[in-house]
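Enquirer: This is what each chain is made of:
Protein chains: 2
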Amino acid sequence: MNKTRLFQQKFFRTKYHEALLTMQSMNLLTIPTIKKTSYDAFISQTASSIMLRRGMTSLGKTQGKLVILGSGWAGFKLLKDIDTRHYEVIVVSPRNYFVFTPLLASSSVGTLEFRCVVEPVRRYSPKIQYYQAYADSVDIKKQTIHCTSNLNNKKDKFTIQYDTLVVAVGANSNTFGIPGVGDYALFLKDISDARKIRQRVIECFELASQPNVTKEEIPGLLHFAVVGGGPTGVEFSAELHDFITQDMARLYPDLINLVTMTVYDVAPQILGSFDQSLRDYAIKKFTRKGIQIRTGTLVEAVNERHLVIKDNGNVSYGMLVWATGLTDNPLTRAMGEYIIKDQSAKRLLTDNYFRVLSKDDGMPVNNVYAIGDCASIKDYDLPATAQVANQKAMHLRKSLTRIAKDGGSFENVKPFKFTNLGSMVYIGEQKAMVDLTSTNVKAKERGTLAWIFWRSSYFTMTISLRNKILIPMYWILTWFFGRDVSKF
Amino acid sequence: MNKTRLFQQKFFRTKYHEALLTMQSMNLLTIPTIKKTSYDAFISQTASSIMLRRGMTSLGKTQGKLVILGSGWAGFKLLKDIDTRHYEVIVVSPRNYFVFTPLLASSSVGTLEFRCVVEPVRRYSPKIQYYQAYADSVDIKKQTIHCTSNLNNKKDKFTIQYDTLVVAVGANSNTFGIPGVGDYALFLKDISDARKIRQRVIECFELASQPNVTKEEIPGLLHFAVVGGGPTGVEFSAELHDFITQDMARLYPDLINLVTMTVYDVAPQILGSFDQSLRDYAIKKFTRKGIQIRTGTLVEAVNERHLVIKDNGNVSYGMLVWATGLTDNPLTRAMGEYIIKDQSAKRLLTDNYFRVLSKDDGMPVNNVYAIGDCASIKDYDLPATAQVANQKAMHLRKSLTRIAKDGGSFENVKPFKFTNLGSMVYIGEQKAMVDLTSTNVKAKERGTLAWIFWRSSYFTMTISLRNKILIPMYWILTWFFGRDVSKF
Numbered sequence: 239m240n241k242t243r244l245f246q247q248k249f250f251r252t253k254y255h256e257a258l259l260t261m262q263s264m265n266l267l268t269i270p271t272i273k274k275t276s277y278d279a280f281i282s283q284t285a286s287s288i289m290l291r292r293g294m295t296s297l298g299k300t301q302g303k304l305v306i307l308g309s310g311w312a313g314f315k316l317l318k319d320i321d322t323r324h325y326e327v328i329v330v331s332p333r334n335y336f337v338f339t340p341l342l343a344s345s346s347v348g349t350l351e352f353r354c355v356v357e358p359v360r361r362y363s364p365k366i367q368y369y370q371a372y373a374d375s376v377d378i379k380k381q382t383i384h385c386t387s388n389l390n391n392k393k394d395k396f397t398i399q400y401d402t403l404v405v406a407v408g409a410n411s412n413t414f415g416i417p418g419v420g421d422y423a424l425f426l427k428d429i430s431d432a433r434k435i436r437q438r439v440i441e442c443f444e445l446a447s448q449p450n451v452t453k454e455e456i457p458g459l460l461h462f463a464v465v466g467g468g469p470t471g472v473e474f475s476a477e478l479h480d481f482i483t484q485d486m487a488r489l490y491p492d493l494i495n496l497v498t499m500t501v502y503d504v505a506p507q508i509l510g511s512f513d514q515s516l517r518d519y520a521i522k523k524f525t526r527k528g529i530q531i532r533t534g535t536l537v538e539a540v541n542e543r544h545l546v547i548k549d550n551g552n553v554s555y556g557m558l559v560w561a562t563g564l565t566d567n568p569l570t571r572a573m574g575e576y577i578i579k580d581q582s583a584k585r586l587l588t589d590n591y592f593r594v595l596s597k598d599d600g601m602p603v604n605n606v607y608a609i610g611d612c613a614s615i616k617d618y619d620l621p622a623t624a625q626v627a628n629q630k631a632m633h634l635r636k637s638l639t640r641i642a643k644d645g646g647s648f649e650n651v652k653p654f655k656f657t658n659l660g661s662m663v664y665i666g667e668q669k670a671m672v673d674l675t676s677t678n679v680k681a682k683e684r685g686t687l688a689w690i691f692w693r694s695s696y697f698t699m700t701i702s703l704r705n706k707i708l709i710p711m712y713w714i715l716t717w718f719f720g721r722d723v724s725k726f
Numbered sequence: 239m240n241k242t243r244l245f246q247q248k249f250f251r252t253k254y255h256e257a258l259l260t261m262q263s264m265n266l267l268t269i270p271t272i273k274k275t276s277y278d279a280f281i282s283q284t285a286s287s288i289m290l291r292r293g294m295t296s297l298g299k300t301q302g303k304l305v306i307l308g309s310g311w312a313g314f315k316l317l318k319d320i321d322t323r324h325y326e327v328i329v330v331s332p333r334n335y336f337v338f339t340p341l342l343a344s345s346s347v348g349t350l351e352f353r354c355v356v357e358p359v360r361r362y363s364p365k366i367q368y369y370q371a372y373a374d375s376v377d378i379k380k381q382t383i384h385c386t387s388n389l390n391n392k393k394d395k396f397t398i399q400y401d402t403l404v405v406a407v408g409a410n411s412n413t414f415g416i417p418g419v420g421d422y423a424l425f426l427k428d429i430s431d432a433r434k435i436r437q438r439v440i441e442c443f444e445l446a447s448q449p450n451v452t453k454e455e456i457p458g459l460l461h462f463a464v465v466g467g468g469p470t471g472v473e474f475s476a477e478l479h480d481f482i483t484q485d486m487a488r489l490y491p492d493l494i495n496l497v498t499m500t501v502y503d504v505a506p507q508i509l510g511s512f513d514q515s516l517r518d519y520a521i522k523k524f525t526r527k528g529i530q531i532r533t534g535t536l537v538e539a540v541n542e543r544h545l546v547i548k549d550n551g552n553v554s555y556g557m558l559v560w561a562t563g564l565t566d567n568p569l570t571r572a573m574g575e576y577i578i579k580d581q582s583a584k585r586l587l588t589d590n591y592f593r594v595l596s597k598d599d600g601m602p603v604n605n606v607y608a609i610g611d612c613a614s615i616k617d618y619d620l621p622a623t624a625q626v627a628n629q630k631a632m633h634l635r636k637s638l639t640r641i642a643k644d645g646g647s648f649e650n651v652k653p654f655k656f657t658n659l660g661s662m663v664y665i666g667e668q669k670a671m672v673d674l675t676s677t678n679v680k681a682k683e684r685g686t687l688a689w690i691f692w693r694s695s696y697f698t699m700t701i702s703l704r705n706k707i708l709i710p711m712y713w714i715l716t717w718f719f720g721r722d723v724s725k726f
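The listed protein sequences correspond, in order, to chains X and Y. Its first residue numbered 239, the first sequence is counted upward by one per residue in my numbering. Its first residue numbered 239, the second sequence is counted upward by one per residue in my numbering.
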């Protein structure tokens with residue numbers, strides 16, 4: 239009881255709780271309206287929509303066409319909240335949904351279902367035009383974007399015009415050019431990745447159960463390797479360990495003692511961004527669970543069945559999940575021709591207002607913004623996290639509204655300042671760690687209480703009411719019945 | 239009020255209600271036990287399991303190895319209920335789950351989620367050995383089955399031994415050799431089919447929203463064609479119509495008036511197995527909804543974008559779902575070499591005890607049974623439905639227990655008799671039809687009351703407690719929030 243109160247006080251001293259409450263109140267405002275409709279009811283709407291499609295859209299929209307590229311943390315946050323009275327909004331994204339990435343690891347093992355962690359783009363933006371496509375390149379002189387449709391086998395190409403452009407295309411997983419990673423490793427960026435992982439874990443156990451498998455092959459099939467000891471790799475390992483011990487152990491009792499799990503990282507420690515005492519706690523917990531941690535270890539190559547470890551030879555694996563860094567994606571690479579990149583040469587450099595900088599004169603391009611993982615602010619380095627992307631999108635929304643209200647003037651727009659809300663990581667068996675030491679040196683918590691905080695924070699941040707119902711329900715169902723192991 | 243009572247009386251006069259109550263009580267008995275486990279708790283279990291894997295399994299199992307091929311209605315029902323004290327049970331099936339097919343159409347448009355309509359094989363049978371594989375052929379002399387693993391790109395092959403064999407491999411969708419159907423049509427047999435349909439519907443709407451699509455192309459993209467006017471085709475059309483009018487209409491208001499739906503059938507009428515007055519009712523409802531019915535229409539060929547209709551030329555389509563008849567699958571084809579087929583030459587002929595008949599002498603093979611859609615009883619033709627498969631499996635379970643108790647003697651085994659429990663079909667907008675005229679000429683109902691009966695029957699028949707919670711919850715969520723349109 240006393241501990242709970244102490245914990246509460248701790249949070250009230252930080253800005254974290256305040257920020258959470260704000261988020262919650264915002265979420266409550268965005269509950270979708272419930273209505274049932276029929277063909278007939280749409281006739282009047284249809285007429286106006288057809289007018290919209292014929293290019294009469296900008297009537298009354300003082301700021302013209304705002305094109306948002308991407309539907310991740312930055313793009314989705316912006317498209318959801320942008321004031322469509324001032325802008326005619328067009329969204330281009332290869333996937334027609336947003337992924338709530340903090341819960342993606344949970345969904346990859348079935349603690350939650352895939353559809354609990356997505357929000358469809360169209361559902362939250364009836365006034366927004368959406369194209370399911372990749373943006374290939376941008377012509378900042380002509381103000382056009384060349385796109386390739388992500389439908390129909392990606393063979394259709396088209397070009398769209400913009401008045402204001404927001405690049406929020408994110409970043410790709412970085413394989414660091416290590417041979418075989420792209421072919422044999424699984425990643426954890428999208429729902430399709432999570433689905434592959436879920437299928438592969440079950441497949442490994444089924445393979446090890448087949449009559450023609452030899453006794454020597456089984457330990458290799460049941461070695462689950464994770465490369466990357468950051469929060470993503472650690473959370474995924476924790477979820478996978480839960481899945482294996484809580485569900486697979488019951489279904490494959492004769493295999494469970496042959497299972498091994500390893501987390502590899504080239505760095506000297508895992509969870510490098512966390513407070514030292516929390517890091518030690520995580521290592522202790524992982525070691526006790528039997529998850530091996532191999533830090534300072536370089537994976538030199540990957541083939542279908544083995545990791546090639548520097549100075550240590552081949553290690554068999556059944557599943558390999560690659561959760562290391564990020565790299566540029568094709569659009570940011572293409573834009574690098576005339577837009578300045580950051581020192582890693584992977585991200586678009588922007589000023590404090592998120593405007594990209596022209597290679598011609600180093601000056602900001604007034605109507606092209608870049609936010610999220612694909613962008614970096616000059617002399618103000620921030621990590622590529624959902625938190626940063628989210629805050630940037632919120633700030634840009636305000637800036638764009640300000641500009642519209644001021645008749646296009648940039649005068650009253652404020653520069654961006656990041657508020658570090660700390661970080662959290664799940665470490666398995668209903669335990670997590672919360673690190674707010676960036677705001678207060680003593681503000682850290684670990685164990686079950688931190689896990690409750692971890693779950694309630696993400697529950698609070700969940701966007702739709704539908705998912706606010708589904709997520710706790712699946713948490714309860716999983717606790718009672720375990721995770722489903724049907725493989726499809 | 240009066241109508242409800244009349245309806246109730248009607249059912250009490252038939253055997254249907256009684257049968258349902260029995261099913262319900264059976265389901266209640268199969269609620270899975272809830273327990274949480276850890277590594278350690280399995281050590282003792284592991285030891286005995288390893289013994290099992292080394293071939294010492296039949297110790298104490300008087301009847302030896304019972305191999306069940308398939309995990310559909312027949313195979314799953316049998317493996318779930320079989321008495322493992324007498325038989326060492328091995329299941330071979332390419333998919334590690336059972337699909338509750340009556341709700342598959344619902345899941346194909348997102349009224350329910352995919353995982354609500356499956357039950358994993360391993361969850362309900364801890365004492366059963368399972369191999370995820372296709373059975374390719376059976377050697378009834380040597381009592382062996384040659385299998386190909388459905389894992390690892392289907393390259394592993396193995397052979398297993400049986401003492402008693404139950405063939406319950408089902409049947410494949412019949413394309414009647416019409417060119418292009420296999421390449422371009424979608425089917426509705428498995429979860430993977432349902433997922434493809436769900437993706438394709440959304441894709442059609444997204445394609446029609448792309449900027450480079452011409453006005454002439456849109457009606458073709460938004461033409462949803464169903465071939466087959468039986469219960470599957472009709473239920474799917476009804477669910478699709480619900481999805482389009484209730485959800486897509488709201489998200490794509492400018493496209494909705496361009497959508498068309500057609501049900502094609504080569505027969506002179508749809509729902510041929512239903513009572514005439516019910517059939518007329520369904521046709522009236524479909525016509526009022528705007529779903530075109532084209533009976534007596536032969537589809538001669540299919541290409542990527544068109545149906546070629548006999549005497550009527552090409553018709554563009556966006557999605558084509560093929561829901562006609564069934565044909566043999568590779569195993570039943572292979573077994574036809576030495577086992578007698580029925581007159582269609584597609585199903586294995588059996589006696590009234592489900593024993594297959596040898597081509598050598600026309601006599602039953604004593605230890606090889608065939609049930610479900612892959613089998614047909616000599617001189618006792620029954621439709622290839624879930625109801626028949628289910629009753630056959632229940633009967634076979636009893637027979638096998640009887641044989642075991644009688645020390646292997648076949649003497650007291652009873653021949654199978656089918657009890658027709660009638661049929662139901664959902665026709666959209668919360669209306670269904672229930673046809674029990676086979677038991678009582680007046681026992682039929684249609685409309686909303688029938689729909690409530692339709693839903694409660696399938697809810698009752700749902701197997702796991704997990705799904706008994708999930709299914710009504712998704713029904714409610716869909717009613718409130720609509721179906722999710724994220725495409726992955």
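In short, the hints are calculated from the structure, not lab data. Nothing here was measured: the structure is a model prediction, and the numbers come from that model. Watch out, some of these pointers could steer you wrong.
[Claimed, not checked] Under the rule of at most 25 Å between Cα atoms (straight-line distance), these lysine-lysine pairs were calculated in the BS3-like manner:
#, chain 1, residue 1, chain 2, residue 2
1, X, Lys706, Y, Lys706
2, X, Lys365, Y, Lys427
3, Y, Lys427, X, Lys395
4, Y, Lys427, X, Lys392
5, X, Lys453, Y, Lys379
6, Y, Lys427, X, Lys434
Enquirer: All the hints need checking, so say for each whether the structure fits it.
Expert: Results for each hint:
The hinted pair formed by Lys706 (chain X) and Lys706 (chain Y) meets the criterion: a straight-line CA distance of about 21 Å does not exceed 25 Å. Between Lys365 (chain X) and Lys427 (chain Y) the CA atoms are separated by roughly 38 Å; this puts the pair beyond 25 Å, and the hint is violated. Our distance criterion of 25 Å between C-alpha atoms is broken by Lys427 (chain Y) and Lys395 (chain X), whose separation comes to about 35 Å. Between Lys427 (chain Y) and Lys392 (chain X) the alpha-carbon distance is near 28 Å, which puts this suggested pair outside the 25 Å criterion.
Distance hint between Lys453 (chain X) and Lys379 (chain Y) is unfulfilled; the C-alpha atoms sit about 30 Å from each other, more than 25 Å. Only pairs whose Cα atoms come within 25 Å are accepted, and Lys427 (chain Y) paired with Lys434 (chain X) is accepted, the gap being roughly 22 Å.
The structure fails to meet hints 2, 3, 4, 5 from the earlier list, while all remaining hints are met.
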